[in-house]
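So the sequence lines, in the order shown, correspond to chains X and E. Under the working numbering, the very last position in the first sequence is 433; numbers go up by exactly one each time. Under the working numbering, the very last position in the second sequence is 286; numbers go up by exactly one each time.
Just so you know, these hints were derived from the structure itself, not from any lab. Note that the coordinates shown come from a computational prediction; the quantities given were computed from them, not determined experimentally. Treat the hints loosely; a few may be bogus.
Stated by the list, open to error - Computed list of lysine-lysine pairs in DSBU-like fashion (alpha-carbon distance at most 35 angstroms, straight line): (1) K337(X) <-> K221(E); (2) K108(X) <-> K331(X); (3) K121(E) <-> K331(X); (4) K221(E) <-> K203(X); (5) K203(X) <-> K108(X); (6) K189(X) <-> K221(E); (7) K331(X) <-> K221(E); (8) K242(E) <-> K121(E); (9) K108(X) <-> K121(E); (10) K108(X) <-> K221(E); (11) K203(X) <-> K337(X); (12) K242(E) <-> K221(E); (13) K203(X) <-> K189(X); (14) K331(X) <-> K203(X); (15) K189(X) <-> K121(E); (16) K121(E) <-> K337(X); (17) K189(X) <-> K337(X).
Unchecked claim - Label-pair ranges, simulated between beta-carbon atoms: (18) Y411(X) <-> G56(E): 45 to 51 angstroms; (19) A52(E) <-> S245(X): 33 to 39 angstroms; (20) A109(E) <-> G366(X): 49 to 55 angstroms; (21) A286(X) <-> A52(E): 52 to 58 angstroms; (22) H233(X) <-> A48(E): 43 to 49 angstroms; (23) L255(E) <-> K108(X): 47 to 53 angstroms.
The beta carbon of each residue, even a glycine, is placed where N, CA and C say it ideally should be.
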Amino acid sequence: MSTNASPAAASAVAAVTAPPTSTRREVRRIGLLVGGAPAVGALIQAFVGPGSRAAAATAAAGGAVVFAACHLAPRRWRDTLTGFRFTAVLLFALAAAAVLGTVFVQGKPAEYYPARYDALGTLILALRLDDIFHSLWFAALLGLLVAAVASSAVLRFPPRAANLGFLLCHAGLLATLAGAAVSSAFAVKGRIDLHAGGESTSKVRVTRNGALTGEQAELGFDMRLDRFDLASHDPEFRIAYYEPSRSGEQYSLRASFDLEVGVRHLLPHGDAFRIARLDPDAGGAAAELRNPAAVLEIRTGREVRETPLLFALRPGSNYARLPNGVLVFEKRAADVKSFVSHVTLTSGDDVRQARVAVNEPLSFGGWTLYQADFDPRDPTYSGMEAVRDPGVDGVFVGFLLISIGVAWMFYGGRRTGRLAASIARARRGDGQP
Amino acid sequence: MYVLAEHPWFLAASAAYAAATAAYAATWRSTRALVARVATGLMCAAIALNAALIAGRWISAERPPFKSLFESLVFFSFTTGVVYLVMERLHRTRVFGALAALMSFGCLAYAVAHWDAEVVKLPPALQSPWFVPHVVVYFVGYGAMAFATVAAALQLLAGRSAFFARLTRVKAGTALTGALDLEQVTFDAIRFGFVLLTFGLLVGSVWAKSAWGDFWVWDPKENWSLVTWLVYGAYLHLRRVKGWRGRRAAWLAVLGFAVVLFTYLGMGLLPSAEESVHVYTQSSQS
Ligand code: HEM
Numbered sequence: 001m002s003t004n005a006s007p008a009a010a011s012a013v014a015a016v017t018a019p020p021t022s023t024r025r026e027v028r029r030i031g032l033l034v035g036g037a038p039a040v041g042a043l044i045q046a047f048v049g050p051g052s053r054a055a056a057a058t059a060a061a062g063g064a065v066v067f068a069a070c071h072l073a074p075r076r077w078r079d080t081l082t083g084f085r086f087t088a089v090l091l092f093a094l095a096a097a098a099v100l101g102t103v104f105v106q107g108k109p110a111e112y113y114p115a116r117y118d119a120l121g122t123l124i125l126a127l128r129l130d131d132i133f134h135s136l137w138f139a140a141l142l143g144l145l146v147a148a149v150a151s152s153a154v155l156r157f158p159p160r161a162a163n164l165g166f167l168l169c170h171a172g173l174l175a176t177l178a179g180a181a182v183s184s185a186f187a188v189k190g191r192i193d194l195h196a197g198g199e200s201t202s203k204v205r206v207t208r209n210g211a212l213t214g215e216q217a218e219l220g221f222d223m224r225l226d227r228f229d230l231a232s233h234d235p236e237f238r239i240a241y242y243e244p245s246r247s248g249e250q251y252s253l254r255a256s257f258d259l260e261v262g263v264r265h266l267l268p269h270g271d272a273f274r275i276a277r278l279d280p281d282a283g284g285a286a287a288e289l290r291n292p293a294a295v296l297e298i299r300t301g302r303e304v305r306e307t308p309l310l311f312a313l314r315p316g317s318n319y320a321r322l323p324n325g326v327l328v329f330e331k332r333a334a335d336v337k338s339f340v341s342h343v344t345l346t347s348g349d350d351v352r353q354a355r356v357a358v359n360e361p362l363s364f365g366g367w368t369l370y371q372a373d374f375d376p377r378d379p380t381y382s383g384m385e386a387v388r389d390p391g392v393d394g395v396f397v398g399f400l401l402i403s404i405g406v407a408w409m410f411y412g413g414r415r416t417g418r419l420a421a422s423i424a425r426a427r428r429g430d431g432q433p
Numbered sequence: 001m002y003v004l005a006e007h008p009w010f011l012a013a014s015a016a017y018a019a020a021t022a023a024y025a026a027t028w029r030s031t032r033a034l035v036a037r038v039a040t041g042l043m044c045a046a047i048a049l050n051a052a053l054i055a056g057r058w059i060s061a062e063r064p065p066f067k068s069l070f071e072s073l074v075f076f077s078f079t080t081g082v083v084y085l086v087m088e089r090l091h092r093t094r095v096f097g098a099l100a101a102l103m104s105f106g107c108l109a110y111a112v113a114h115w116d117a118e119v120v121k122l123p124p125a126l127q128s129p130w131f132v133p134h135v136v137v138y139f140v141g142y143g144a145m146a147f148a149t150v151a152a153a154l155q156l157l158a159g160r161s162a163f164f165a166r167l168t169r170v171k172a173g174t175a176l177t178g179a180l181d182l183e184q185v186t187f188d189a190i191r192f193g194f195v196l197l198t199f200g201l202l203v204g205s206v207w208a209k210s211a212w213g214d215f216w217v218w219d220p221k222e223n224w225s226l227v228t229w230l231v232y233g234a235y236l237h238l239r240r241v242k243g244w245r246g247r248r249a250a251w252l253a254v255l256g257f258a259v260v261l262f263t264y265l266g267m268g269l270l271p272s273a274e275e276s277v278h279v280y281t282q283s284s285q286s
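Work the whole structure out from these sequences, hints included.
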């Protein structure tokens with residue numbers, strides 16, 4: 001905690017960054033950049049159809065144009081672009097766009113918006129607020145981010161220990177954005193649906209935003225589903241307590257209890273119960289819970305009573321009423337625990353057996369295969385997703401750089417040195433933070 | 001409340017936080033060493049009980065207890081408490097204690113109001129080695145931001161009320177050695193939290209890639225995590241702009257935490273919530 005420069009030193013930097021006389025003009029330049037870029041983007045999108053590629057191209061081209069323009073224009077433009085005030089405004093603008101993307105439901109068919117939002121719906125469509133993150137005005141904002149991050153990094157080249165954290169973090173931002181642009185422009189995603197027992201395919205049914213496009217892509221290898229393992233948790237028997245909703249039409253689960261004989265449990269409204277006796281297999285002799293039956297001892301107020309034998313598997317005689325609710329002895333549907341595809345992949349002479357499970361994707365032949373779906377009614381069916389994503393490495397390298405950079409900036413022990421250096425630079429009068 | 005009667009350890013942990021809040025508030029008035037020690041002792045006890053709740057749930061559920069809103073709230077109160085205790089040592093003051101303990105207490109109280117009717121199983125998508133690091137890093141980060149908010153709130157209060165202004169100058173709880181630079185305290189907590197939020201965001205993205213094949217799908221919860229990160233990013237940059245220190249910076253810190261809370265608890269209010277894969281599935285109980 002001792003590596004901070006004093007606030008006085010930092011505000012000395014700030015004082016040089018933004019002399020009060022020019023502040024207003026700087027704010028105007030910021031407004032022009034942060035307002036102008038999306039406006040230009042919105043204008044272009046009136047002539048260019050929507051799509052990931054157009055958005056990625058706009059961000060890249062916009063970034064390059066702003067970068068070049070601000071370095072060719074009078075010095076104050078570059079200073080604005082690389083200044084902290086601009087950065088903060090831009091980050092807020094991006095945040096506002098992200099918020100808008102959660103206020104309006106994204107990616108619905110065009111009919112949806114006028115139906116849901118009336119007249120506003122037309123405006124939403126016109127501004128592409130229905131698909132903000134592929135819109136060109138948003139892409140233009142990202143272009144601005146690219147230009148700003150690149151400019152501020154270029155100005156601090158070459159790396160020194162003092163600004164290494166900053167450079168790593170901001171280089172990581174660029175790598176992430178570049179990777180994301182490549183992904184959104186060139187990644188292919190699709191579905192593979194197979195049945196166990198030898199069904200095979202070499203094609204992917206392409207999807208966009210989760211919906212099938214009707215196109216198919218070649219995997220470049222053959223995939224056969226040998227086996228599909230669908231495992232469930234053991235089904236559970238529980239004593240569940242339900243109360244009616246206010247309207248009295250529906251019951252909702254308020255509490256639920258393990259089958260522990262003799263343990264007293266409290267219920268809402270001061271009632272209580274315990275399992276007095278438990279027979280794991282009524283009418284049989286099994287020791288495990290096969291057809292369990294139980295007697296509950298229920299206390300309401302002062303009164304204590306025993307229920308008749310409740311059978312978990314016999315609807316109608318599996319519950320006991322209380323003044324405010326009902327105790328039900330019930331069997332829970334078994335939750336799915338895991339589902340795993342065992343596949344054989346064949347590409348020429350290369351034959352490989354492998355498994356694909358949730359959270360354990362399989363990479364082969366440039367594709368990554370994900371376990372996505374199962375069908376409870378058809379235990380042989382396996383739904384998989386196939387993704388070919390040339391940008392993902394850039395994104396992950398960027399993540400790594402950002403993580404190291406941010407940690408280094410704050411805890412690399414060079415903060416003081418870096419600040420001292422930037423103060424010295426500021427004193428020399430080159431006006432940069 | 002019947003839930004507390006049925007779960008006495010929960011009652012004990014909540015009571016310990018409440019008692020710690022009261023004792024820390026007493027250190028605002030009294031500079032006696034005993035009061036200070038009692039306050040810290042109660043806070044330690046509350047955190048130990050809170051840890052026991054988490055461990056107990058972990059064992060009984062046979063999985064990390066971070067699945068439901070209820071479980072995460074119990075964990076949030078814990079990380080907020082732990083971050084506070086570390087900060088108490090680092091900054092050698094107890095002036096933040098009352099508000100920090102109150103936050104932990106509030107989390108637990110909110111958890112009680114959102115009690116899980118039943119322990120649910122972990123769906124396959126959450127059975128990932130990224131699950132625990134993602135959640136732990138995020139909630140420690142949130143704990144740091146909670147602490148930063150307490151410091152910022154005190155800074156704002158000190159500007160309004162003579163009582164709070166005096167607090168930050170006296171040797172509250174006997175541990176304070178000089179006048180506190182509340183702005184610096186806030187900033188220290190935010191940069192620590194920001195590092196964790198960055199890790200959490202990126203780990204979440206890597207996890208999403210390995211579970212679903214997309215590192216980012218502009219889902220509401222993802223967007224709001226990004227908004228949180230951007231707002232704190234703006235805070236960090238704005239500190240270097242003249243005129244953005246002092247009360248403005250403190251308000252920004254408060255805004256940041258408001259966004260944290262909305263990201264955490266408010267997703268259900270969004271019109272796009274029904275589309276989200278990340279919104280906490282609430283049990284039917286209230
Ligand atoms: C989301 C994007 C960004 C993040 C997360 C980020 C993060 C950071 C952080 C954490 C710091 C350290 C602040 C401190 O030491 O107090 C920093 C410093 C800085 N950032 Fe950013 N930044 C982002 C975007 C930008 C952009 C767009 C610019 C472009 C102008 C920029 C320019 C700077 C500069 C100039 C510094 C100071 C470096 C130094 O003191 O040597 N940042 N950034």
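Status of each hint after checking the structure:
A hinted pair counts as satisfied when its Cα atoms are at most 35 angstroms apart, and K337(X) with K221(E) qualifies at roughly 25 angstroms. Only pairs whose Cα atoms come within 35 angstroms are accepted, and K108(X) paired with K331(X) is rejected, the gap being roughly 39 angstroms. For the hint linking K121(E) to K331(X), the alpha-carbon distance of about 15 angstroms falls within 35 angstroms, and the restraint holds. A threshold of 35 angstroms between alpha carbons decides the hint, and for K221(E) with K203(X) the separation of about 33 angstroms falls inside it, so the pair holds.
Between K203(X) and K108(X) the CA atoms are separated by roughly 27 angstroms; this keeps the pair inside 35 angstroms, and the hint holds. Between K189(X) and K221(E) the CA atoms are separated by roughly 22 angstroms; this keeps the pair inside 35 angstroms, and the hint holds. The hinted pair formed by K331(X) and K221(E) meets the criterion: a straight-line CA distance of about 34 angstroms does not exceed 35 angstroms. Between K242(E) and K121(E) the alpha-carbon distance is near 52 angstroms, which puts this suggested pair outside the 35 angstroms criterion.
Taking the CA atoms of K108(X) and K121(E), the gap is about 32 angstroms. The hint holds against a cut of 35 angstroms. For the hint linking K108(X) to K221(E), the alpha-carbon distance of about 18 angstroms falls within 35 angstroms, and the restraint holds. At roughly 29 angstroms between alpha-carbon atoms, K203(X) and K337(X) fall within 35 angstroms of each other, so this suggested pair holds. For the proposed pair K242(E) and K221(E), the alpha carbon gap of about 33 angstroms is at most 35 angstroms, so the pair holds.
Restraint check for K203(X) and K189(X): satisfied, since their Cα atoms lie roughly 12 angstroms apart, inside the 35 angstroms limit. Proximity of K331(X) to K203(X) is assessed by CA-CA distance (about 42 angstroms); at most 35 angstroms being required, the pair is judged violated. Note on K189(X) and K121(E): the hinted pairing holds, with a Cα-Cα distance of about 30 angstroms set against a maximum of 35 angstroms. Distance restraint check for K121(E) and K337(X): the Cα-Cα separation of roughly 8 angstroms lies within the 35 angstroms cut-off, and the hinted pair is therefore satisfied.
A C-alpha spacing of about 26 angstroms is found between K189(X) and K337(X), which places the hinted pair at or below 35 angstroms, so the restraint holds. Distance hint for Y411(X) and G56(E): a CB-CB separation of about 34 angstroms, inconsistent with the stated range 45 to 51 angstroms. Against the hinted window of 33 to 39 angstroms, the Cβ-Cβ separation of A52(E) and S245(X) comes to about 34 angstroms, which satisfies the hint. For A109(E) paired with G366(X), a C-beta distance near 53 angstroms keeps the hint of 49 to 55 angstroms intact.
Between A286(X) and A52(E) the Cβ separation comes to about 37 angstroms, which falls outside the hinted range of 52 to 58 angstroms. Under the hint 43 to 49 angstroms, the C-beta atoms of H233(X) and A48(E), about 32 angstroms apart, miss the expected range. Under the hint 47 to 53 angstroms, the C-beta atoms of L255(E) and K108(X), about 31 angstroms apart, miss the expected range.
This entry does not satisfy hints 2, 8, 14, 18, 21, 22 and 23, going by the numbered hints stated previously.
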